[in-house]
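Peer 1: Put the two chains together into one complex; each comes in its own frame, and the hints tell you how they fit.
So the sequences go chain by chain: A and B.
Residues in the first sequence are numbered consecutively from 5, following the numbering used here.
Residues in the second sequence are numbered consecutively from 666, following the numbering used here.
Hints may be right or wrong, so weigh each one.
Below, a sample of chain A positions facing chain B; criterion: calculated Cβ distance under 8 Å [claimed, not checked]:
no., residue
1, Glu9
2, Tyr83
3, Asp84
4, Ala313
Keep in mind the hints are simulated off the structure, nothing from the lab.
Computed from a predicted structure; not experimentally measured.
The C-beta atom is built at its ideal place from N, Cα and C for all residues, glycine as well.
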Amino acid sequence: MISLELTEELKQSRTNMHNLARDLFRPIARKYDIEEHTYPKELDILRPPKPKKDSSEAEKKPVEVKEVKKDKKPAGPKYDNLIGVLSVEELCWGDLGLMLTFPGMGLGNAAISAVGTPEQKIKFGSRWAAMAITEPEAGSDSAAVQTTAVLDGDEWVINGEKIFVTSADRSEIVVVWANIEPSAGKAGIKSFIVEKGTPGFKLEHLEHKLGIRASDTGTFVLKDCRVPRENLLGSAEVKKKQSFAGVMQTFDNTRPTVAAMALGVARAAMEFTKEKIEESGMQLDYANSGYNMSSIHKEFYRMESNLEAMRLLIWQAASMADAGIRNSLQASMCKAKAGKAGTEIVQKCCEILGPLGYTYKNLAEKWMRDVKITDIFEGTGQIQHLIVARQLMKLSSKDLK
Amino acid sequence: MFSLEMSKEQKMIKDEVAKLVKNIVTENAADMEEKREIPPDAVQKAWELGASVSMVPEKMGGFGLEDSPITTAIILEELAYGDLSFAVLATLPSLIISPLINMGTESQKSKYLPLFCEEKFNPCTLAINEPHFGFEPENLKTVVEEKNGSYQLNGSKCFVPMAAQASHILVAASLEGTGNLFIIAKDNPGMKISELEENTGLRSLPTYEITFENCEIPFEDRLGETSGCDYEMFLQKTRIGMSAIGTGVSRASFEFAMNYSKDRQQFGEPIVHRQSVAFMIAEMGYEVEAMRLMTWKAASRLEAGKDAKREAYLAKLYAGEQTMKVVDYGVQLLGGHGYTKEYPVERYYRNGRGIGIIEGLATV
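Bound-form chain B, shown alone (with noise of 0.2 Å):
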């Protein structure tokens, strides 16, 4: 079956979604940042849209739907068309309840999940990114050691969206060479969170830098325990959530300077009465276009029950390089206006930048 027409339900939710960003979210995405927080009203409400935990089984918290990694694709790109912070704080806790569903042993579902999974937002959060020129996701600088009938954690990880209040965060490190995950709670005394981060996007969401010294893992926390998870398809889903994201946020972008350029006027014309300028609009136009072709083509070849390493890859690869460029073609447009905070585009830019730079955000 080949077709590109979402089914009923999925333009159910793209539309959900769609209202929530618009109603509460593309206006005060300004706001959120200068006060550098998310209200929380904001994000429960997008919780309670359940996509985080609707492939969770019912009896531990979830509606125990089937996963479709392209509806979470249509998911993250609505999202993040209304802010990048916003999206990953509103799917924050399915970056642990995912690899959990999927990779996680019966009795860590069964003791996490229920936390995961309550009426109320509870952050839960990732930790992968390592704060060193040379960060590799397939080669991390995070090592754990087995000690004294534990395992033992050291290394720093950086952009951890709410380690401060997560009550849990899963931590991405080389076991033996190979890449893991662990649970680890937050009174954790080998776990050090520092001062909110200061980045250049992603500034409506706090993000720590977090370091860990010997710091004590008992061995149920290894996800998958004693035979570990599939790392590698744990980086295929977050790259095509990363894509999905690069989407959505050069959509925004495009659209945003597409108006603008029909409206400012100069030498008694709108501006995009020229090549120049119509030319850029077309191009960000069809480039948004295959980042969200590149991302749905990865998720369904996972959604069809096949391995993505190929196309995530080039997924995310794409989106990194196209994002940056369909943002900077925003900027551009709107000339020494986009250079200032009067308008989105600014923003769009600075978090833009983060598409080909983070990984492991978003796997719903």
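With the rest of the complex left out, here is chain A (with noise of 0.2 Å):
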């Protein structure tokens, strides 16, 4: 039956990322936007306890934002993904850079929960793991990668360079994708586990940014850079079709997830706006018809239905994740409408908060810099786009470049 009531488990779940989001977050957004590159410690709260050794706890460790929850819930309806992505917007409310350096809960732990071999999980299971995929030629066309990765002996050899790795600099390890077959194609595209201080992996320069400074973005060059044979993730075997596009499928669980960070910077946004709004005496009360309002109402109610759409959006991919239900379609309509709405969200936001969404103040111009970011990552927009017009069409990337 429909019903898109949230039940009292998934708004309590909320309110507990909500306040983490306003208590943790909120108070040092803006230090560490200003202070970019510079670990934000008072996040080390957050970090999951250290692993005794020989204890087998390690492998549940959570490894990722939408696992945070701990219930020990009863058979019923599973909700984890949406509670990921509800956890997610309430963060993002809070600070979308400091959600991206939650510590220990780097892209490359998911990588490594979802396809590592039993032993990989044990030894890096807990350990802040990076990802590191694009490169200078390698965007949106992540199966031109150009780094490589030859077997010597007991070693893999791998040379290339990484760009735009998240937590570059404070995660521990880095899951690093590279070709060991670049006559196969991207059939031949594996991932490394790399560790931090391996001769021959330097982490060149840190990116200065539009925003979500508190995150910090680098580079990596890899030079005879030698890793234990072992490092590779999942199966060496280079199949012919289908396991690049096994690896692309794992970013259906992680569009919704992106989609939501963009809900999340919206919301505040818009929140702090409606704020302003009020306290000029105008009321936003859905009440009135387009002939007796301001064109501020006009535009907030449009930006309102808006957020509305994504959040709808996203919540359907999320819902069809956890009924099991196949969602590559709608978690690309999610990111595709969430990165461009909740942009827009945000720089008319700041266009109506006049000089207030201009000034450092406030976080208002933070956020209009910050959300940008969501229409480019994990996929642009048009990237989104296309993918959602070949899904709807059937049609290949060949039909359709």
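Peer 2: Next comes the structure, spelled out in structure tokens:
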């Protein structure tokens, strides 16, 4: 039966995240926007406790934001993905940059937990893992990675350059994408765990960015970097067709999460804008028609309806994942909509706020810079639209380039 | 409970309505517009599905089922996917039945409901829109005053479907500054029905302008009698209904334009191989989803017994804007062909404009 009302359990987990975002993230949001590249030590309390050696606890360590909640819930509908997007919305309402640098919860951790062997999970699961995919010549076209890995005895020798790596400095290990058989094209792409301090593995520089400055983003150069054979994630077998598609499929799960980031930031901006509108004496009570409202009212309602559209598309994608229904189309739909609408909403909020939307005295201008990333990373808005169109029309990437 | 999956019953109803639409509406919509008439047997078939009378108590001619705003939204979307005019006509009696059930007094219900719930489709309708600049359903210019032992109604209404054929019209008017609904019988001498309207859309549905001049209404025909009705709730329901209808019209345009773009060859390949075309289709696709979800969200609140003022307002606003965008893209994607009556996107464009303009249709 259709119902879009959140259960008490869902509301509770949302409230918990909201409180964390309000009490921990908000107060330091501006500080780390200004002190780019400084590690927010306040986040240390979020670090998962280090496992005692020879304890098997490492195995069930939470590695993703969506798994933060610890309920021993009875059988019933599963809401893991829904809880995930609700949590991300709240955390990003607090601060997107800080959420991205949540200790121990790198994208690499998600990869290890998804495809790592039990040994890899034990050895690396509890260490903060960044993910290195993008290269100067391989952005949206991640199949074009030029970094290579060649087996030499019991070690892989990796050469290449990786850019835009989130938590490059703060992470302890990095999951690096490299091709083990360039002649096989994208089927040869595999991922490797590279530990910090490995000879030939160098953090070259950190980016100075438009927004999400609390999160460090860096470039790695790998020069004859040797990692143990067993650091290859998953299977070393080069399968001609499916393997890369399989890799890309894992992004189905992350797109609603990124969309929820846009939602959280946009909502923060709207709440602040609403506060200012109401302080000025205008009422936003959903009672007026276009003939007796100001352009401010009208813009606000339009933004709010778009915010609601974003949210429900995200909930739809998450809810399908919870029900075990394939959601590639809906995952891309929500990311396409949220990246675009989220960015537009915050830009418009700053316009409505006027000087208040341009000053460092509050966070609105920062949100406008921060939110922009959500239409870029994990697949740009254009790529999402491409995927949506292909899926809707069952076209291949050859037909619709 | 959070779920986006239809119940078995909802799926069945959806399929049933979709089948009806496919069999008797889709192919004939252009012809109906041309002749400016929806064949009575088509309407009768939709009537027999019983959507409009399902929640009327059995003793008054209905099925006595529970009111489900979500099921209503599902039905309206399917009907409007076939044709906007058909969707309105097929559910027309519900525009008076639904407010009566929810807000009428017992004596009003037993007096009127049996009349509207007969086996044969009996047109009865609703008048809310007004033919002047600045029309707002919350702030009506049609006014009722108490005079000489009855109410007196003055003002005019437009877009009243089947006004000339209806036995009764439910009229929205302002009484002491608040919205109220009044039941008026067709032979009331204070009501004048004008010629058939000419509008850009809704063309297979006969609509009329009506004027009221010192039109006398007995006290007992004010919905809810002395306590009046919950006009705000009435507006919420009509807004959700219009959003559902907008979703249906948009989906029709989206699907047609998408399939056309896959077939249409230019420069030696389907035009959809161009990103500029594909991106428009992607946008249409997710906006249709978003419209539906917003409609369901608002309906879901009503179904849970909560107020949906905000959600209904936002859903209607969004559906009005996005429907226009989607039907515009529909015409654009077909290019010159989309501008002709050879293809239905031309009609969707005209009909789609109504979603953001017309208030108060669709309250099954």
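Peer 1: Honestly, which of those hints from before does the structure not fit?
Peer 2: Hint 3 contradicted; others consistent.
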